[in-house]
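With the hints as your guide, set chain Y onto chain D.
Single-letter residue listing:
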Amino acid sequence: MKRETIERLAIDSAAGELNEDAQSLFIAYLAEHAQANEWAQSILRVYRQTEAAIGAKTKAADAGSEIVAMRIKPVFPGRWRAALRWAAVVVLAALVGAGAGRWSRSIAIPAGPVELATFRPMLAASRPGPDMANMGQSFWHAKAAAMFTGRSDREHNNIVQAHGLWEKYKQYTKGNHNE
Amino acid sequence: MAGDVTSEFQEFWTQTAQKLRAYMFCSCENWADADDMVQDCYLRALRGWGQFDGKASRQAWLYGIARRTCIDWFRRRKRDGLTVRIESVDEPSQVDAAEPAVDNVEKVWDVVKSLSPEQSQVIHLRFAAGLSYAQIAQALGIPVGTVRSRLHRGLEGIRERVGRWENET
Chain D
1 MKRETIERLA IDSAAGELNE DAQSLFIAYL AEHAQANEWA QSILRVYRQT
51 EAAIGAKTKA ADAGSEIVAM RIKPVFPGRW RAALRWAAVV VLAALVGAGA
101 GRWSRSIAIP AGPVELATFR PMLAASRPGP DMANMGQSFW HAKAAAMFTG
151 RSDREHNNIV QAHGLWEKYK QYTKGNHNE
Chain Y
1 MAGDVTSEFQ EFWTQTAQKL RAYMFCSCEN WADADDMVQD CYLRALRGWG
51 QFDGKASRQA WLYGIARRTC IDWFRRRKRD GLTVRIESVD EPSQVDAAEP
101 AVDNVEKVWD VVKSLSPEQS QVIHLRFAAG LSYAQIAQAL GIPVGTVRSR
151 LHRGLEGIRE RVGRWENET
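Protein sequences, first through last, are from chains D and Y.
Using my numbering, you'd call the opening residue of the first sequence number 1 and step up by one each time.
Using my numbering, you'd call the opening residue of the second sequence number 1 and step up by one each time.
Only chain Y is shown next, with the shape it has when bound in the complex:
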C-alpha cells in the first residue's frame, strides 16, 4: 500500500515538477526560492495525498496547494521583513534567435507582473503551468467564466501597455 502511494506519487511528481517549478518561479522570480516552494508544495501534497477527494483533477489539486504555498511564502517573507521581489541572477534563460527579442520578453514579463494579482495568476497558470480553463478554475476555486474573463482582461492589459511602450520607443 505504502509502496503504491510512493510509486504513484513519484510518477505524479515526474509529470508535474517542471511545470510547477516554472509556475513557482513566476511567483517569486528566483530559482532558489522557487525550488524551496516546490519542495514545500510536494510535501504538503504528499501529506494530503490520501485526502484527495477526486472532485478536481490531481493537477488542479496540486496547483491549489501551490497557490496556498505561495501565499504562505509571501506572508513569511513579509513577516521576516525580507524583500519579496528578487531579481533573478542565476540560471538566466537562453533565448534562441527564433524567439521574441529579449527586450520584448522583458517588457511583457514586467507588464504581466504589473497586472492585478488575479489576472497575473491566471496568466501564469495558463502559460507557465499549461493548465486548462477547467483546471485553473478548480485550482483557484472560481467559475470557468471568471477564468475566461480574467485571462481576456489580462491580455488586454498587456496589449495596451506593450503597445504604449512600443509607440514610445
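One chain only, chain D, in its complex shape:
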C-alpha cells in the first residue's frame, strides 16, 4: 500500500472510524510491514500531539459551563436592539411633535378679526361707549374701551390721550384768559 493510504487508515483507526474487521486487518498488516508501521506511527504521533494540544488549550471549557448556563437567556440580537432604539426615538419625537401641535392650537388667536370688524360697529351703535374722559389712561381701560367702540387699542389710546390733552389745553387757555 502507498504511504498516503497507510496514513489515512492510521488516522481512521485512531479516530475510531474503522470497523472491527478493518481494524484487525490493519493491525495485522502493520505487524508484517515495518515500513508501513513506521509511516503509521509518524502520523499517529502528530494525531496525538494535536489532540493533546487542543485538549490542553480548551481544558478551561469544562470549568466555564456554569457561566454559560447562567448566561443563556433570551435577549434581542444587536441589530434588533439598535432598530428598537431608533423606533423609540421616532415614537418619542412624534409624541413631542403632537403635544407641541396641540398646545400651539389651544393658544392660537382665532380668526376673529374679520368677525370683530363686522360686529363691533353694531355693538358700538346699540350700546353707547363709556365716557372717554372718565376712562383714564390705564392700559386695561384703553383696551376695554377699544373693544366696545370697535377701534384698535393703539388708535383708541391715542384718542384718549388726545382728549385728555385737549381738556388740559382748554383748561390752560381758559386760565390764561381769566388772568
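I should point out that these hints are in silico values taken from the structure, not numbers from a laboratory.
Treat the hints with care, since some could be wrong.
To be verified - Restraint ranges, calculated between C-beta atoms of paired labels, are given here:
#	chain 1	residue 1	chain 2	residue 2	range
1	Y	E160	D	S24	29 to 37 Å
2	D	E4	Y	S57	25 to 33 Å
3	Y	P117	D	A87	33 to 41 Å
4	Y	N167	D	R79	48 to 56 Å
5	D	A87	Y	S57	36 to 44 Å
6	Y	R58	D	Y29	34 to 42 Å
Each residue gets a CB set at the ideal place from its N, CA and C atoms; glycine is no exception.
Okay, now just chain Y, sitting in the frame of chain D:
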C-alpha cells in the same frame, strides 16, 4: 408540549455545552467571546428546535449552527473594525506534567491556526468538539471522503511545520 421542549433542550444543552464552548474558543481564542457565541448559537438552536428535520444528528445540526454563528461573528467583528484574533489572557489552561510540554502545545496550536480554514475547521470539530467523520460531514455539508482528506492533509501540514520547528530548535 412547551415543557417537553424545554426539558429536551436543557438535556441537549447539558450534553453539548462544554464541547461547543471548546469549539468556539478554537475559533476566537477568547473565552468571553466564546461564551457570547455559545449563547448566540443556543438561542438560534432554540428558535429552530422545531424545524430540525432529523436527517442529521442533533449534534451535527448544532455544529452547523455553530459554524454559521462563527461566520456571522467574524463578519460583525470585521465590520466593526475590531481585531479578530485576541490572545487569551483569562482562564489559562493548566497543563499537567503528563501532558505535552507547553512549548509544544503552543507550537501545535499556532500551526493549526496557520492551516487553511477548511482544514483547521475539520481539526477543531474532530479534536475540540469530538465529532465523528459523519457528524463533521453533516455539520459542514460536505462528503465524508472530503472530511477524511482534509483531516489527513491538515495533520500532514502540522507534521511538516512542527518537524521543521523541532529541527530548528
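We went through each hint and held it up to the structure:
no.: 1; hint: Y/E160 <-> D/S24: 29 to 37 Å; in the structure: 31 Å, holds
no.: 2; hint: D/E4 <-> Y/S57: 25 to 33 Å; in the structure: 29 Å, holds
no.: 3; hint: Y/P117 <-> D/A87: 33 to 41 Å; in the structure: 38 Å, holds
no.: 4; hint: Y/N167 <-> D/R79: 48 to 56 Å; in the structure: 50 Å, holds
no.: 5; hint: D/A87 <-> Y/S57: 36 to 44 Å; in the structure: 40 Å, holds
no.: 6; hint: Y/R58 <-> D/Y29: 34 to 42 Å; in the structure: 37 Å, holds
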